[in-house]
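Chains as they are written, first to last, in our numbering: chain A, 508 to 1052; chain B, 551 to 866; chain C, 785 to 992.
These are computed hints drawn from the structure, not numbers from a lab.
Glycine residues also receive a C-beta, built at the ideal position from the N, C-alpha and C atoms.
It is possible that part of the hints are untrue.
Computed Cβ-Cβ distance ranges for the label pairs, DEER-style [what the hints assert, rightly or not]:
1) C/I851 - B/A637: 40 to 48 Å
2) A/T1040 - C/V817: 41 to 49 Å
3) C/P983 - A/M642: 19 to 27 Å
With the Cβ distance kept under 10 Å, some of the chain C side facing chain A (calculated, not the full set) [as the list claims (entries may be wrong)]:
4) G811
5) L814
6) F823
7) Y832
8) P848
9) P915
10) W920
11) G926
12) G931
13) Y961
14) E965
15) L969
The following residues of chain A were derived to be distant from chain C, with all beta-carbon distances above 10 Å [said to hold, decoys possible]:
16) Y533
17) G534
18) G578
19) A625
20) H698
21) T734
22) G754
23) D756
24) F766
25) Y856
26) S863
27) I998
28) T1029
29) V1047
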Amino acid sequence: MNAALAPPPSAPTPSETPTHYLNASYGFRSWLLTLDHKRIALLYLASITLFFFIGGFYAVLVRLELVTPAGDLMSAENYNTAFTLHGVVMIFFFLIPSIPAVLGNFLIPIMIGARDLAFPKLNLLSWYIYMVGGMVAAYALFTGGVDTGWTLYAPYSSTYSNSNVTATAIAAFITGFSSILTGLNFVVTIHKMRAPGLTWFRLPLFVWAHYATSVIQVLGTPVLAITLVLLILERSFGFGFFDPARGGDPVLFQHLFWFYSHPAVYIMILPSMGVISELVTCFSRKKVFGYGFIAMSSVAIAVLGFLVWGHHMFVSGQSVYAGMVFSILSFMVGIPSAIKVFNWTATMYKGSISYSTPMIYAFGFIGLFTIGGLTGLFLANLGLDIHLHDTYFVVAHFHYIMVGGAVMGYLGGIHYWWPKMTGRLYPEGWARFSALVLFVGFNLTFFPQFLLGYMGMPRRYHAYPEEFQVLNVMSSAGASILGVGYLIPMIYLFWSMRYGRLAPENPWGAKGLEWTTPSPPTTFNFDETPVVTEEAYEYVKEEKH
Amino acid sequence: MWTGFPLFPEAASTIASGVDLLYLFLVVVSVVFSVGIFGAIFYFALRYQRKTQDEVPEPIHGSMILEITWSVVPFLILMVMFGWGTAVFFRNFHPPEGATEIFVTGKQWMWKLQHPEGQREINELHVPVGRAVKLTMATEDVIHSFYIPAFRVKKDVVPGMYTTMWFEPTKVGKYHLFCAEYCGNQHSGMIGTVYVMAPPDYEAWLAGAPRGETMSQAGERLFQRLGCHTCHAADRPGRGPVLEKVFGSTVLLADGKKVVADEMYLRESILRPGAKVVAGFKTQMPTFQGQISEEGLMQIIAYIKSLESKERTTTQ
Amino acid sequence: MASDAKTATSLWSGGGSPYAIGSKKFGMWLFIVSDMLTFTALLVAYTYLRMSTATWPTPFAFSPSIIFSTVMTLVLLSSSLTMVMAVHSMSHGDRGKTVKWILATMVFGSAFVILHMMEWMHLIRDEKVTPFSNPWGEPLFGATFFGITGLHMTHVTIGVIYLGIIAAGVGRGKFTYEDVEVSGLYWHFVDLVWMFVFPLIYLMSVKM
């Protein structure tokens, strides 16, 4: 913490390289023991990228197997392991930490005019906990994997599976603490460390989204933790919480699991919505339409998210009246989601719209999220869900939300703040091209799955009847395009870190405190605490200054 | 429909068309909303494309009227969806009176089906067209889910309980039967075929299928073998409650509560005799947990049900 | 910790906002809320299983079981009292007294754990209760009993270690009033959880 405290007092001349958080100190120690939220964000960036490609590798295996109806590429056992590890790695080790731990970590303190998070040591500890969880997951993966599906339903997981369920549950349990502590850190930071004048309703919507996300992380994750503990106790020692022969109840596991895991999908999508709010307003160069409604809809989604878990269990033998209540509450989630989409669209009205790469991602997000959200209504619907439950329709729906929504938002955010994070610009042409490739590849991969689902193809099938082949081949073909779409940004972003053009302080002409700091920022972000005197996104003509 | 590239599964039950209509309604609403939003985005993106780098548009702060409109209108549409969906669900929830009963047991990785008349099938189900069929389902191991896409029906089969579902086929043909809940290694092999047959064909099948004893006969044999008859005997009451006409009746329990003696209650009383003891009796009965398969349980229950109507022959 | 412009003034200057508290204290409150959900989930699961089992055993005789667990409860309650005294002493800047009161709290806390272990050993050895079986049927009785009390005991044990670290630091002149108060919050939370565990696990299982 004592290295290179203050930048030179005068503005640096272009010839000399200014001191910033990346060159303030060097060496492994300076990274592995750093308390700087920006460096920790980059540690997360490196680790979740690694996990993203591990999870992606398993997705490739799954899609390859499904090219032909027969289970001929790999054994059923390996296929089951592949889709399980795809789910576990992508959800617990990529999607949940992705935007909060990378972009949130990097930006929240800067956006609110603080020097760091409230608990920098806790922040570093969270990363180490995440890495320990990741190591345990890697152990589970390399010693045979796990074949229960990421949902770990009892009694298959607790009694019948011969795979590494315990190690996987321990990995998810450990990573959960990282999530809780990050959420806790964000809530305290947003409450306590806002710059003078930065009132709640002047906060960037990115911060609001993260506030709602953090509350879910703090309240939901412990329930998953105790559920996993009960599962481990049952599997390893024979406690009978979920075993009907001992008076337990397998449906209890589903209740406990979804009480966390449904809100968890909002942990994944809300931060992405926060990113999109920033992108749409910046590249329309216009104040966001209905600021208060977008902010409050994040909170509404967080609250409603805790009340809808039972819609995963419409055919599990829960009471029909419980089903009705969960159905109507699930429909309610549609309203704040719709409010967001309408407000983003309205923000563009009479704006000054630029087609920069992040905005292309924002267009993609809104389109795919709209489809993902609307198909969610099919599944919230009691009458339809009976047919659609556990089919490819569900797979398509949540990939539209998780990949089309969360990952598009993540990539849009990475591109948008890349100049701030690295001080370099990426090649715009390549970036726009890969965004389009991703969009096309994504739709080709997942749209056929909606049709497959209504046709009745169950999910998690290693082999399938022949009439489903055409759609499956389309999906696998799309997946190969999608894969290319992920590799291109990986390459040019990495390339740009060294060879990209130097980024100015505010390359997009955006509003927000993060764009008032140098690119990349200094270790302590601001030389002196900024004072905020205006609302968020006050784009005004120059001459009015 | 295209062959090789169909978009709809066959609709072969009384409820399928209702589900499809609801599906089409949601598709239409989704398309209208998507087209509206995509159209607006395309239009705005083209119409308000940035002309010069330093242009700054006039700010618009929002509109309460618009916000309320686009909250209330979706709300109303959502309520229509909810109401319609729930109506479809409830209409399809309760089996009609007099449905043919078939008993299903899921087991890694096969479906075992028993007809009351004694025919037994594995991964195949023969049913007559135009007659309602009620399935009572149990599992020997993990959760499975009985799914016939052409009928638009699905229900999980959960350890420790019976679940039920029903359907009425409307079209003669062969249809897929899937396990929809992931159940381990050969999950995708836990599939079968439902044969919907014209009544004469069905009768012929019934006559031709290998049939041993009926379910209640098998249950009676099991009842004797496990020694149940030593305590539950109509002519020697005292140690255990008399089982004649018990099925469907309301039973007074030792703790003063009342339960209806349905399949679930009989199952529980066999596996966990102490759970709900009939008033006037003590828990002397041993548990049969682990000593009797789910199929055997269904047979014994079928036997107890049959006691409703016929007098028991004591010398068997 | 990073310096914080907004809280640079006295943490206890008061004010209208309930959030006008130190970051550490706020963080601990959030942690407590989070941990409370752990126990809530477990106790809800217990209640659900118990409600759906008509033959749930109620084996605890008034003597010795309930008397013994009541003593445990009193020990834990006393520890909360000594913790209040520790925080009070620290507010007067009396580090010596603070350390003594924290040590007293740790003694009570450890006594609770020891008594609890004695009770466990009694149940396991003499009554033949394990998480898998017990003489009264319903194997879940043991599983929930050891699961819930075990989780709570883990929390008490962590609390004693945490207080040990705080006491050592306070003795050497480290840590502020806020640190002591925050550790007190955690300790009271652990006590409060017991006030739910005690009736749900013990009092509702009294032999009638």
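For each hint, the structure was consulted:
1. For the pair C/I851 and B/A637, the supplied restraint of 40 to 48 Å is violated, since their beta-carbon distance comes to about 59 Å.
2. Separation of A/T1040 from C/V817 is about 34 Å and departs from the stated range, judged on CB atoms against 41 to 49 Å.
3. The beta-carbon spacing between C/P983 and A/M642, approximately 41 Å, falls outside the hinted interval of 19 to 27 Å.
4. A distance limit of 10 Å between C-beta atoms decides the matter here; for C/G811 the minimum to chain A is near 5 Å, and the interface restraint holds.
5. The beta carbon of C/L814 is positioned within 10 Å of a beta carbon in chain A (closest approach about 5 Å), and the interface hint is therefore held.
6. With a least beta-carbon distance of about 8 Å to chain A, the hint placing C/F823 at the interface is held under the 10 Å criterion.
7. About 6 Å separates the beta-carbon of C/Y832 from the nearest beta-carbon of chain A, less than 10 Å, and the hint is met.
8. Interface restraint check: C/P848 against chain A, minimum CB-CB distance 26 Å, threshold 10 Å, status violated.
9. With 10 Å as the threshold, the beta carbon of C/P915 comes within range of chain A, its nearest partner Cβ sitting at about 5 Å, so the hint holds.
10. Nearest Cβ of chain A to the Cβ of C/W920: about 12 Å, over the 10 Å cut. The hint is violated.
11. Look at C/G926: its Cβ gets to within about 9 Å of chain A, closer than 10 Å, so that hint holds up.
12. Below 10 Å, beta-carbon pairs count as interface contacts, and C/G931 has one with chain A at about 7 Å; its hint therefore holds.
13. With a least beta-carbon distance of about 18 Å to chain A, the hint placing C/Y961 at the interface is violated under the 10 Å criterion.
14. For C/E965, the interface hint is violated, since its Cβ never comes within 10 Å of a Cβ in chain A; the closest pair sits about 16 Å apart.
15. Contact between C/L969 and chain A, as hinted, is not supported at the beta carbon level, the nearest pair being about 14 Å apart and thus beyond 10 Å.
16. Its beta-carbon lying about 22 Å from the closest one in chain C, A/Y533 satisfies the requirement of being farther than 10 Å from that chain.
17. A/G534, annotated as away from the interface, keeps every beta carbon of chain C farther than 10 Å; the closest lies near 22 Å.
18. A/G578, annotated as away from the interface, keeps every beta carbon of chain C farther than 10 Å; the closest lies near 38 Å.
19. Distance check on A/A625: its Cβ comes as close as 4 Å (rounded) to a Cβ of chain C, failing to clear the 10 Å threshold; non-interface status is violated.
20. A cut-off of 10 Å between C-beta atoms contradicts the statement that A/H698 is not in contact with chain C; the least separation is 5 Å.
21. The beta carbon of A/T734 sits about 7 Å from the closest Cβ of chain C, which is not more than 10 Å, so the claim that it is off the interface is violated.
22. At roughly 4 Å from the closest C-beta of chain C, the C-beta of A/G754 falls inside 10 Å, breaking its exclusion from the interface.
23. The beta carbon of A/D756 is not kept farther than 10 Å from every beta carbon of chain C, the shortest such distance being approximately 7 Å.
24. For A/F766, the requirement that its beta carbon stay farther than 10 Å from each beta carbon of chain C is not met, with the minimum near 7 Å.
25. At roughly 37 Å from the closest C-beta of chain C, the C-beta of A/Y856 stays outside 10 Å, upholding its exclusion from the interface.
26. The beta carbon of A/S863 sits about 33 Å from the closest Cβ of chain C, which is more than 10 Å, so the claim that it is off the interface holds.
27. For A/I998, the condition that its CB be more than 10 Å from all CB atoms of chain C holds, with the nearest at approximately 36 Å.
28. The Cβ of A/T1029 lies farther than 10 Å from every Cβ of chain C, with a closest approach of about 14 Å, so its non-interface assignment holds.
29. Even its closest Cβ contact with chain C, about 27 Å, leaves A/V1047 beyond 10 Å, as expected for a residue assigned away from the interface.
When the structure is compared with the earlier hints, violations turn up for hints 1, 2, 3, 8, 10, 13, 14, 15, 19, 20, 21, 22, 23 and 24 and for no others.
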